[in-house]
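K.L.:
Residue numbers (this note's numbering), protein chains in the order written: chain A, 165 to 428; chain B, 26 to 308.
By construction, these hints were calculated from the structure, which means they are not laboratory data.
Just so it is clear, CB atoms sit at the ideal spot from N, CA and C, and this is done for glycine as well.
Be careful, since some hints might not be right.
As the list claims (entries may be wrong) - Listed next, with one range per pair, are the computed distances between beta-carbon atoms:
no.: 1; chain 1: A; residue 1: V420; chain 2: B; residue 2: S250; range: 55 to 65 Å
no.: 2; chain 1: B; residue 1: D39; chain 2: A; residue 2: Q393; range: 56 to 66 Å
no.: 3; chain 1: B; residue 1: R37; chain 2: A; residue 2: F355; range: 43 to 53 Å
no.: 4; chain 1: A; residue 1: G363; chain 2: B; residue 2: V35; range: 23 to 33 Å
no.: 5; chain 1: B; residue 1: A101; chain 2: A; residue 2: A293; range: 48 to 58 Å
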Amino acid sequence: MNKVPGTFKLGLLRGQMEIIQFTRQKEAVVFTIFFPVILLVIFGSVFKDTIAPGVTFSQYFVAGMIASGLVNTGFQNIAINIPLERDMGAIKRLRGTPLPITSYFIGKAISVLASMVAQVLILLIIGVAFFGLNLPSEPNKWLTFTWLLVLGSASSTALGVAFSSVPKNGRGASAIVSPVVIILQFFSGVFFVFTQLPGWMQQVAAIFPLKWLTQGMRSVFLPDTFAAQEVAKSWESGRTALILVVWLIVGLFLAVKTFRWENK
Amino acid sequence: MKVIEVKGLVKRYDDFTAVAGIDLAIEAGEIFALLGPNGAGKTTTVEILAGFRAPDSGTVSVLGFDPATKGDAGRAWRNRIGIVLQTASDAGSFKVREIVKHFSNFYANPRDVDQVIEAVGLTEKQNSLVLELSGGQRRRLDVALGIIGNPELLFLDEPTTGFDPEARRAFWSLIRDLKAGGTTILLTTHYLDEAEELADRVAVITAGKIIEVSTPALLGGRSTSKATVSWLGASGLESEESDNPTAVVTRLAAQFGGEIPELVITRPTLEDTYLKMIGGQHE
């Protein structure tokens, strides 16, 4: 008897299938990949001011768009798509095979990361070409960017899988998931400068990962002088990493505990 | 060797009892059909045996494991089982060959992808998207995904619902080939002809209970029930039920002095027997 492929290798194969499936749904591709660009075009055209010396609103906004892209692509898409997959019998079919459930989760995370890379590339190209976006030149900023992207994709995916147990079926999923994300975006300083939000909003946002992802992305795309204008007067990179890891663990725990293969 | 052994299986959903205490023993290499009307408990039984649901009571052994508590043996156990459940609508944006190939990665000893696609008659459609397939073709893809892992035991839940007659014949021949290759098959169906055509043994299930297990030929005492002899007599069509139809024919032959007009001898069809057994519950 041959050896059954390992959990991670199967996860990579699942990721490949998830990406194929995603790229064949043209509307989803356009919406997911270009939505941040469209928002950048709108906001970048409306707000032409600088929010600090040498920091345009576009520069600030790109950091927020990449962070909220992680939440849209991971949390939102997955929490909406898994109930649809349940409706169609896809998860039940997989469950009848020797495929480990972990491989299924890894596949989801890989597709989120792949989609994020595509989104970020397009957003940065458009930003640099049309909105005077300055890319960081220090290697350690790109290192921060990389771990934020990987850790953000992973925790967002895990939380999306966990939240996918909330909607009863595929039809109702979007109505339940989308408001959560939109409110979180407003509270977390994606569309507005975070420190200008009411204090209670900042405190609520500080519980959730999006605030930390946007702050982390600001540490990449904004000059270090801007750190003084953050709530803690610093980028709080260590705390950001810690909070994202905690959310990743919480998400994984809930995902495994609550995962269902069919709708109620 | 018993591939499946079930004793006193009970499954309730709220206050509805879907399976009300059934026993089953299925031998290696046989095709066993669960025959019954919709809602009789066939699917629930299969889903318990395939490890999708836990029973409320009773003991279940499938390939030597309790499907509900297989634990660490889960992957190795699933590696030996193929499942074709009722209608699914997933995988629409994959190509036929792509998805069959993908599923082959899950198993230790998969069948050859092209041979499986050929066996289910989808070779010409192998590069089509799944959402472009007809209902019957989609069902055949379900079967391809169920057998790609080269299972010892195959569950087929209502496999030919929505097939045209030609597709059903082709499907039956595929199932016979699998049996010839040594696969044990548990099939649920509400088509009598399907059970008669394929099954070595049939269990008739209604309202969550098995009311008889037999070969298709012996089901419901069919082979020993009275034959009906009918003929055109002086006053129109006449008939007589008898345990000894030959004696009746001999008598009639003497009476008519040779050829008996419009002579017909019938025994109850499987359908007659079945309808009698399930007490007119057939949909």
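K.L.:
State for each hint whether it applies.
P.N.:
Checked hints:
{"no.": "1", "hint": "A:V420 to B:S250: 55 to 65 Å", "result": "holds (57 Å)"}
{"no.": "2", "hint": "B:D39 to A:Q393: 56 to 66 Å", "result": "holds (58 Å)"}
{"no.": "3", "hint": "B:R37 to A:F355: 43 to 53 Å", "result": "holds (52 Å)"}
{"no.": "4", "hint": "A:G363 to B:V35: 23 to 33 Å", "result": "violated (58 Å)"}
{"no.": "5", "hint": "B:A101 to A:A293: 48 to 58 Å", "result": "holds (55 Å)"}
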